Amino acid sequence: MEQEIRACLEQKRYQDAFDRLLPEFQNKVFRLAFAMIGDPAMAEDAAQEVFVRIWKGLPRFRGQSSLSTWIYAITRNTCLTALKAGSTKKESSIEEPSVAHAAEKSGIEPSTHAGIDVLRYLEELPEKYQQVLRLYYLEERSYEEVSRLLEWPMGTVKTYLHRARKELAEAVARSKMG
Amino acid sequence: MGCAEFQELLVEYAELVGDSRARVDAHLAECSGCREFLEALQTVDAALAAQFGDCETSAEFATAVRRRVGRETAMRRPSFIPEVLDFVGWGAIVALIALLAWWVSPLIPVWSTTDALSLNTALAAGGAFVLVAFVIGLRSLADLKH
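Top to bottom, those sequences are chains A and B. Residues in the first sequence are numbered consecutively from 1, following this note's numbering. Residues in the second sequence are numbered consecutively from 1001, following this note's numbering.
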């Protein structure tokens, strides 16, 4: 598919290139945005913004990196901007919407297992642990995909995942005892 | 080896093989604390897999993107109006200079036809230079404001 898209770009057929890359990358871009932002509704807005930026940038894409690398870099930058804007909004907002509310708004039900709200414990972890955990489960537990999408070294991904799962398990074990 | 070390291994329980797996299993058989930790880990895995598995964009996503891209394209479509206005403006300047040269030429005392011609040419060129500089200055100011 990447070859087809590159061929369209070489012939300056930007609309054709975009028509091919949108269905190919929309879920991947959304999952990376969801992993980074943690709010499905905000992640979908950010993913839309990513594709608008891709559309604007297609004539300038020189093909020095792979198309997917370029798209995921745009996704990460867009998400960082959205997170900054979100944190500014949060600071100025009196009532902070809960994760459950955001999930409810977007139609994703918060998952509880054995009466324990694992998501609540997830929210208490450092941001980098949350991002890596969400992406790990979104990408069907592939260390390689997580490392590629976040552009973090594999060792870092494995270390963060190990610590994050351990901290969550400890929190869940404590709540079962208590 | 204490429970803390075993729990480090339990985080990667699914990937353990051979002796390591056997040692961990032997410890689990006699340690309820580590069994609870493993159960908690399995609860976490199941909950997060259920929460984040099969996560896709909404059905309206592609339509919404195309709408936004369409708006973006419409906003960036080049307008020919400034070019047409430029053309009209330059035409007016040239006409004005020609008119000025034609108006000035009878007032100049004629020493010779060649002198009158070169003076008229110099006047026309000077006038054109001033007007062009003025128009370029105005356009630059307008660009800066935008």
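FYI, nobody ran anything at the bench for these hints, they're computed from the structure. Since we're looking at a predicted model, the values are computed, not measured. Here a beta-carbon is modelled for each residue, glycine too, at the ideal position from N, C-alpha and C. One should not assume that every hint holds.
A partial selection of chain A residues facing chain B, derived with a Cβ cut-off under 8 Å [claimed, not checked]:
#1 Asn27
#2 Phe30
#3 Phe51
#4 Lys56
#5 Thr69
#6 Trp70
#7 Arg120
#8 Arg134
#9 Leu150
#10 Lys166
Some chain B residues well away from chain A (every beta-carbon gap over 12 Å; in silico) [unchecked claim]:
#11 Val1044
#12 Gly1053
#13 Thr1057
#14 Ala1064
**Request:** Identify whether the interface hint at A/Arg134 stands, where standing means a beta carbon of chain B within less than 8 Å of its own.
**Result:** holds, 6 Å
Min Cβ distance, A/Trp70 to chain B: is it shorter than 8 Å?
With a closest approach of 17 Å, the A/Trp70 hint is violated.
Residue hint A/Thr69, partner chain B, criterion CB-CB below 8 Å: Because about 21 Å separates A/Thr69 from the closest Cβ in chain B, which is outside the 8 Å limit, the hint is violated.
field: Per-residue hint verdict: A/Asn27, partner chain B, C-beta under 8 Å
entry: holds, 5 Å
Hint status (Cβ of A/Lys166 to nearest Cβ of chain B, threshold 8 Å): holds, 5 Å
### Query
Minimum Cβ distance from A/Lys56 to chain B below 8 Å?
Holds - the Cβ of A/Lys56 comes within 8 Å of chain B, reaching about 7 Å at its closest.
field: Status of the hint placing A/Arg120 at chain B (closest C-beta pair under 8 Å)
entry: Hint on A/Arg120: violated, closest Cβ of chain B at ~11 Å, above 8 Å.
task = Check the non-interface label on B/Gly1053: least C-beta distance to chain A beyond 12 Å or not.
result = violated, 6 Å
Are all beta-carbon distances from B/Thr1057 to chain A longer than 12 Å? violated, 5 Å
Tell me if A/Phe30 is really an interface residue toward chain B, meaning its C-beta lies closer than 8 Å to one of theirs. Interface hint status for A/Phe30: holds (5 Å vs cutoff 8 Å).
Check: B/Val1044: least C-beta distance to chain A exceeds 12 Å?
Finding: The assertion about B/Val1044 is violated, with a minimum of 5 Å to chain A.
- Nearest-CB test (12 Å) between chain A and B/Ala1064: violated, 6 Å
The structure is inconsistent with the numbered hints 5, 6, 7, 9, 11, 12, 13, 14, although it conforms to all the rest.
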